[in-house]
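A.B. asks: Can you build the whole structure from these sequences, using the hints too?
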Amino acid sequence: MSPATEPRPLEAVRLLVVDGPRAAIIIRRALDLPSLLHTGDLVVVNDAATLPASIVAHTTRGARVEIRLVASRDGARLWTAALLGDGDWRTGTEDRPAPPSVDFGDRFRAHGRLVIDVVGRHAVSRRLLDVSLGLEGREHASDAEVWAAIYAAGRPVQYAHVSLPLALWDVQNVYAARPWAVEMPSAGRAITTETLLELRKRGIGVARVTEAAGLSAVGDAAIDASFPVPERFEVLDETVRAIAEARRRGGRVIAIGTSVVRALESAARDGTLRPTEGVTDMRLGASSKRRVVDAVLSGVHESDTTHYGLLQAFVSEELLARSLRAAVDAGFVGHEFGDTVLVCGDPVEDARVTPGEKVEKLGPHVLVGPETRRSARPATQPVAFRHRAWGSDASGWASSARVPQRRDEVRPRS
Amino acid sequence: MKIRNEAVLVTGASRGLGRALSQALVKEGARVVMVARGERDLETAVREIRAELPRDGGQVHGLAFDVGDKESVHKLTGAAAALVGPIGIVVHDASTLGPVPMPLLMDTACEDFERVLAVNLVGPFRLTKVLAGPMVVKGRGLVLHMSSDAAVNAYTRWGAYGVSKAAQDHLARTFAAELDPVRFFSVDPGEMDTKMHADALPEAERATLARPGAVAQLLLEIIRNADSLPNGARLVASEIATTLAVKKTEAS
Numbered sequence: 001m002s003p004a005t006e007p008r009p010l011e012a013v014r015l016l017v018v019d020g021p022r023a024a025i026i027i028r029r030a031l032d033l034p035s036l037l038h039t040g041d042l043v044v045v046n047d048a049a050t051l052p053a054s055i056v057a058h059t060t061r062g063a064r065v066e067i068r069l070v071a072s073r074d075g076a077r078l079w080t081a082a083l084l085g086d087g088d089w090r091t092g093t094e095d096r097p098a099p100p101s102v103d104f105g106d107r108f109r110a111h112g113r114l115v116i117d118v119v120g121r122h123a124v125s126r127r128l129l130d131v132s133l134g135l136e137g138r139e140h141a142s143d144a145e146v147w148a149a150i151y152a153a154g155r156p157v158q159y160a161h162v163s164l165p166l167a168l169w170d171v172q173n174v175y176a177a178r179p180w181a182v183e184m185p186s187a188g189r190a191i192t193t194e195t196l197l198e199l200r201k202r203g204i205g206v207a208r209v210t211e212a213a214g215l216s217a218v219g220d221a222a223i224d225a226s227f228p229v230p231e232r233f234e235v236l237d238e239t240v241r242a243i244a245e246a247r248r249r250g251g252r253v254i255a256i257g258t259s260v261v262r263a264l265e266s267a268a269r270d271g272t273l274r275p276t277e278g279v280t281d282m283r284l285g286a287s288s289k290r291r292v293v294d295a296v297l298s299g300v301h302e303s304d305t306t307h308y309g310l311l312q313a314f315v316s317e318e319l320l321a322r323s324l325r326a327a328v329d330a331g332f333v334g335h336e337f338g339d340t341v342l343v344c345g346d347p348v349e350d351a352r353v354t355p356g357e358k359v360e361k362l363g364p365h366v367l368v369g370p371e372t373r374r375s376a377r378p379a380t381q382p383v384a385f386r387h388r389a390w391g392s393d394a395s396g397w398a399s400s401a402r403v404p405q406r407r408d409e410v411r412p413r414s
Numbered sequence: 415m416k417i418r419n420e421a422v423l424v425t426g427a428s429r430g431l432g433r434a435l436s437q438a439l440v441k442e443g444a445r446v447v448m449v450a451r452g453e454r455d456l457e458t459a460v461r462e463i464r465a466e467l468p469r470d471g472g473q474v475h476g477l478a479f480d481v482g483d484k485e486s487v488h489k490l491t492g493a494a495a496a497l498v499g500p501i502g503i504v505v506h507d508a509s510t511l512g513p514v515p516m517p518l519l520m521d522t523a524c525e526d527f528e529r530v531l532a533v534n535l536v537g538p539f540r541l542t543k544v545l546a547g548p549m550v551v552k553g554r555g556l557v558l559h560m561s562s563d564a565a566v567n568a569y570t571r572w573g574a575y576g577v578s579k580a581a582q583d584h585l586a587r588t589f590a591a592e593l594d595p596v597r598f599f600s601v602d603p604g605e606m607d608t609k610m611h612a613d614a615l616p617e618a619e620r621a622t623l624a625r626p627g628a629v630a631q632l633l634l635e636i637i638r639n640a641d642s643l644p645n646g647a648r649l650v651a652s653e654i655a656t657t658l659a660v661k662k663t664e665a666s
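Sequence order for the protein chains is B and C.
Under the numbering used here, the first residue of the first sequence is numbered 1, with each subsequent residue one higher.
Under the numbering used here, the first residue of the second sequence is numbered 415, with each subsequent residue one higher.
If you're looking for bench data, these hints aren't it; they were derived computationally from the structure.
No false leads were slipped in.
Simulated crosslink set (BS3-like; lysine-lysine; CA at most 25 Å straight-line): (1) B:Lys201 - C:Lys552; (2) C:Lys441 - C:Lys609; (3) C:Lys416 - C:Lys661; (4) C:Lys416 - C:Lys662; (5) C:Lys416 - C:Lys441; (6) C:Lys543 - C:Lys484; (7) B:Lys358 - C:Lys416; (8) C:Lys543 - C:Lys416; (9) C:Lys543 - B:Lys201; (10) C:Lys552 - B:Lys358; (11) C:Lys552 - C:Lys416; (12) C:Lys489 - C:Lys543.
C.D. replies: If you want it as structure tokens, here you go:
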């Protein structure tokens, strides 16, 4: 599938609906999303804003490198970062010259007064570092100064398949609120303010989680094989309550993006969904049991990606492969600015949902920040809500859904 | 709307009303990000407000950015959210008169007119465009525009500024019409003893002008009562007590 080469207006974005329970595939426009949902359903978005995670810097000997922030380990100052060789947005990461070898205590200088000191190296690759960010000559710089310097020096991660350099304006979702993501949670491009208002008009709820969507690839085989790295996430009590309410009404939970699935399923990992803040290394796949999410809106992903693996938690590999072929046949485009798929699984059964105090789940790789973490408290006793199963045609994902027989049936309605 | 613990972004915050309001908000326990162009004035203002932080809450940070510059918008909103979390209240106070002494509209250079609109109108539009989306999802939030008498009445030499403020009032009204229940107001703070006032009318009798600190208290009253005031309204700060009293009478 060819990649989309620039940000596109929503009118141009197409939507492949993969209806798991009926093994059906239809093509709509991304704009049609609200009309595919029902009163009482709940849409959950990832409100992570995209960071300017790509920073051009120089070594003390003058070599130019790119430092790509992978995850914050402590607010503005301490990050895990990947070191890339010199190159601009036209240069694919795999085509870059190798970056110079670096050691503890080495210093990079970036735009303005931003300095980046190497404070640790990861076993996975010599190019995966822990770095400390600060201001030259300002040992006691405030957090505000360091954040301002990161935003002044950094740009969003660039893509060689995109025809123009991307600015922060190009990579934010309309509801983006918390700068946690190092790459755009791009499924959210299908949601405009118009969509949000339309959903509300139709009695469809909108709730949010925050998930620090991570880098897709940096062109280093060892680092790329370790992706997705453990990612910070937060599921608020108000979101757990909204899900409980949707369940009570027989509504479905629709995740906007695989990062939302990861956050919600991680918060329900022990069988009960609770308000949770923590770090997840969860990888969903064909054998995963979904406990919260009934459907996911996502980009169109090739079969060798982890996203594609995650979608198999919703529908069979066979149906997914057929969907991918249908998307290719219909001329769908892929990657960040591409077309979208709505993958609808069998409804989640017997979900247990417990609003209340937040619990913390910190994995072996503790990544925190940017904002301060709050303290953990024990959860209250869980209450089970029986999810009403879908039965009639009217509750299907797309009433007109049917399996396309000929290629000309797989076309947008417009 | 409650103020305690709320994340607030104030532009034009290093001097005058912006600074007084930031200080008043911090005293009430808000987490305030002050934005202004001039790094030095901003640093001083933040330091002085921080010296008086209440013991049980309140935070203050300063970010030196130009709100009239499109490239600055995501930089300042991103850094602000990293510092205090998603912004719940935005106060558009940054404002420019254009060149002073203020020329007649006919003698105003096209570039000066555009710059006034960029700072006073397009800047707030862009900031709201970035910050109001999460408020829509949440179903709550507040955006305040600092307006002026010159938005309603045409005064000679106040052309560029007056036009920008009139348009800003309408920006608030339109956002309110589209995004309710997120609240949008424009507020005429009245004539205050500020640098801007001195730039515009250097011969004015300072004793007759309101103190920014006193006007800031009126703005707090507007924020506290944001849910009961008509969305999109143009409010006059000095009349807020009367407006709220009338509102209460109507309700009962």
